[in-house]
Amino acid sequence: MEGEIKLSIICLKVVVKVASSCFYQLRRWKHVRSYVDNNAMAQLVAAFVTSRLDYCNGVLVGLPQSTLAPLQRVQNASARLILGL
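For the sequence shown, the working numbering assigns the number 1 to the initial residue and increments by one for each residue that follows.
It is possible that part of the hints are untrue.
To be verified - Label-pair ranges, simulated between beta-carbon atoms:
1. Arg-80 with Ser-21: 13 to 21 angstroms
2. Gln-72 with Lys-30: 13 to 21 angstroms
3. Arg-27 with Asp-54: 19 to 27 angstroms
4. Val-59 with Arg-33: 30 to 38 angstroms
5. Phe-23 with Gln-43: 14 to 22 angstroms
6. Tyr-35 with Ala-79: 15 to 23 angstroms
7. Lys-6 with Leu-85: 34 to 42 angstroms
8. Asn-57 with Gly-84: 24 to 32 angstroms
For the record, the hints were derived by calculation from the structure and aren't laboratory data.
A quick note: this is a predicted structure, and the numbers were derived from the prediction, not measured.
Built from N, CA and C at the ideal position, the CB exists for glycine as well.
Using the sequences and the hints given, assemble the complete structure.
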């Protein structure tokens, strides 16, 4: 039981760190959004944000939704950036 709690805390720290890194990239790309088309923006997001979200995703299986929520917010923000919303 105690080991599961420690693993959950470690996973939460990893999720927060990955989400923070992804949001940083998204904020930077927001400034160049008007200069590139949807395909170019989709490639940027796929190359950087998606690769970071995929990192260690096998370890995150089975975690509570509240722990994974920051990663879902990154995906939502990525989609809005690609579509220009």
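Each hint tested on the structure:
1. Between Arg-80 and Ser-21 the Cβ separation comes to about 18 angstroms, which falls inside the hinted range of 13 to 21 angstroms.
2. The hint said 13 to 21 angstroms for the Cβ distance between Gln-72 and Lys-30, and at roughly 19 angstroms that hint holds.
3. For Arg-27 and Asp-54, the Cβ-Cβ distance of about 21 angstroms falls inside the hinted range of 19 to 27 angstroms, so the restraint holds.
4. Here the CB-CB span from Val-59 to Arg-33 is close to 32 angstroms, well matched to the stated 30 to 38 angstroms.
5. Taking 14 to 22 angstroms as the suggested C-beta distance range, the pair Phe-23 and Gln-43 conforms, at roughly 19 angstroms.
6. In this structure the supplied range 15 to 23 angstroms holds for Tyr-35 paired with Ala-79, their Cβ-Cβ distance being about 20 angstroms.
7. At about 39 angstroms, the beta-carbon gap between Lys-6 and Leu-85 stays in the expected band of 34 to 42 angstroms.
8. In this structure the supplied range 24 to 32 angstroms holds for Asn-57 paired with Gly-84, their Cβ-Cβ distance being about 27 angstroms.
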